Every structure is written in C-alpha cells, then in structure tokens.
Amino acid sequence: MRDRFGAEVESGLIEVICAPDSFYPSYIDGDGDKGNWKHALDVSFLMMYSQERAEFYLQLTDESHVSRGFVTKMQWFAMELEAKQYWMAIKYSEQGFAGNLFLSSELPRTIQFFLMFYNDQKIEDLFKNLVYAKACRPGMIQAECQSRMNKVWVKHKVPLIRVGSATRSRNNSDVAAVLVV
Numbered sequence: 001m002r003d004r005f006g007a008e009v010e011s012g013l014i015e016v017i018c019a020p021d022s023f024y025p026s027y028i029d030g031d032g033d034k035g036n037w038k039h040a041l042d043v044s045f046l047m048m049y050s051q052e053r054a055e056f057y058l059q060l061t062d063e064s065h066v067s068r069g070f071v072t073k074m075q076w077f078a079m080e081l082e083a084k085q086y087w088m089a090i091k092y093s094e095q096g097f098a099g100n101l102f103l104s105s106e107l108p109r110t111i112q113f114f115l116m117f118y119n120d121q122k123i124e125d126l127f128k129n130l131v132y133a134k135a136c137r138p139g140m141i142q143a144e145c146q147s148r149m150n151k152v153w154v155k156h157k158v159p160l161i162r163v164g165s166a167t168r169s170r171n172n173s174d175v176a177a178v179l180v181v
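Residue numbers (this note's numbering): 1 to 181.
It is possible that part of the hints are untrue.
Said to hold, decoys possible - As a list, the in silico BS3-like pairs of lysine-lysine whose alpha-carbon atoms are at most 25 angstroms apart: (1) K122 / K151; (2) K155 / K122; (3) K155 / K91; (4) K73 / K157; (5) K84 / K157; (6) K84 / K38; (7) K73 / K84; (8) K155 / K134; (9) K73 / K122; (10) K155 / K34; (11) K91 / K134; (12) K73 / K91; (13) K128 / K151; (14) K151 / K73; (15) K155 / K84; (16) K38 / K122; (17) K157 / K91; (18) K84 / K34; (19) K73 / K155; (20) K84 / K134; (21) K122 / K91; (22) K122 / K84.
Unchecked claim - If you anchor each label on the Cβ, the simulated ranges turn out as follows: (23) D120 / G164: 47 to 53 angstroms; (24) S26 / N129: 34 to 40 angstroms; (25) M140 / R109: 17 to 23 angstroms; (26) P20 / I141: 43 to 49 angstroms.
Source of the hints: derived by calculation from the structure; they are not laboratory data. Since the structure is predicted, the reported quantities are computational estimates derived from the model, not experimental observations. Heads up, the beta-carbon is just placed ideally off N, CA and C, and yes, glycines get one too.
Make the full structure from the sequences, and use the hints.
In structure tokens form, the structure reads like this:
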C-alpha cells in the first residue's frame, strides 16, 4: 500500500485498518462456512469503522472495477433519489454484495442485523433478508412487497461497478469507500 499509495495514506485520503483478532469468534475448523461468516464480519467491521465518516458508504472488493466518473454519478443519483423517497441502499453493480452504496444513517441497523445472523447465510442473502424485513409486512401481497423492496434497495439502471470474477475467492480483501459530500 505504501509503495503504491504512499502519498494518499500519508495525507489520510486512504486509511488502512485491520479488525482485531478478538472481533472474530474462535471456531473449530469445520464449524460453519468460515468464508461466509468471516466475510460478513469483515463487512460489519468496515461499516462500523466508517459509519460516522461520511453521508454514504460504498462496499467494494479488490476485484471491483469502476466506470469513469463513477463517484460523481453515484453521488448525483443518490442525492436526487434522497430528495424523492426513502431508500436504504443503491446497487451499482450486477452481482454480489460489492457495489452497494448505503446511506450511513442506515448502517447501525444493517450492522446489527449482520452481527446477529453472520453465521447463517452469505452477506448477499443477509442483506436481501434485511430489505425484506424492512419493506414487507405479514399478509402483504407479493407484488406490493416486491415494489416496496425495490424502493428500499434501488437498482441503478446502468451498472457503474463491475466485479472482476463471477465467484468470490476467500482470499479477496474487502474494501470500503466512504464518499464524502
């Protein structure tokens, strides 16, 4: 990091953080799917660290490739949407959890949900279940439920972020980009 981004690290533009070992449970090998629960905990730690730093939080991985001008386009769309309706996250990619932009004000509840269920499902599925719980009510018809879910978790029409491979390696690093506006 210092060789490639030394000036950015020194200026504080890039911060390198690492969760303490005590943040992770001490599982015996074979307990649960470590790749899934570790990823959920990694994301939760990044969100906790970032939640007070900016208005928006963007989830990326080291395999994320962004389009030209993506920050300006994402900020503009998010701020325009915020003026019109309530939303929790905007998906700027076609696959996986990377490419989701969150309102930082929504991170505490998101983190809480992830920490309660990190060992049960992959992070993508956890987030889908959180959106369902937030948007839908018992007895609601499916079409209304889906419509409300689409307003809470908005899919941007043109993906601005592409993830390098279709499958996530367990060795990939999570990266959080905090957008300041």
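- Which of the stated hints cannot be reconciled with the structure, identified by number in ascending sequence? Failing hints, ascending: 6, 9, 10, 18, 22, 23, 24.
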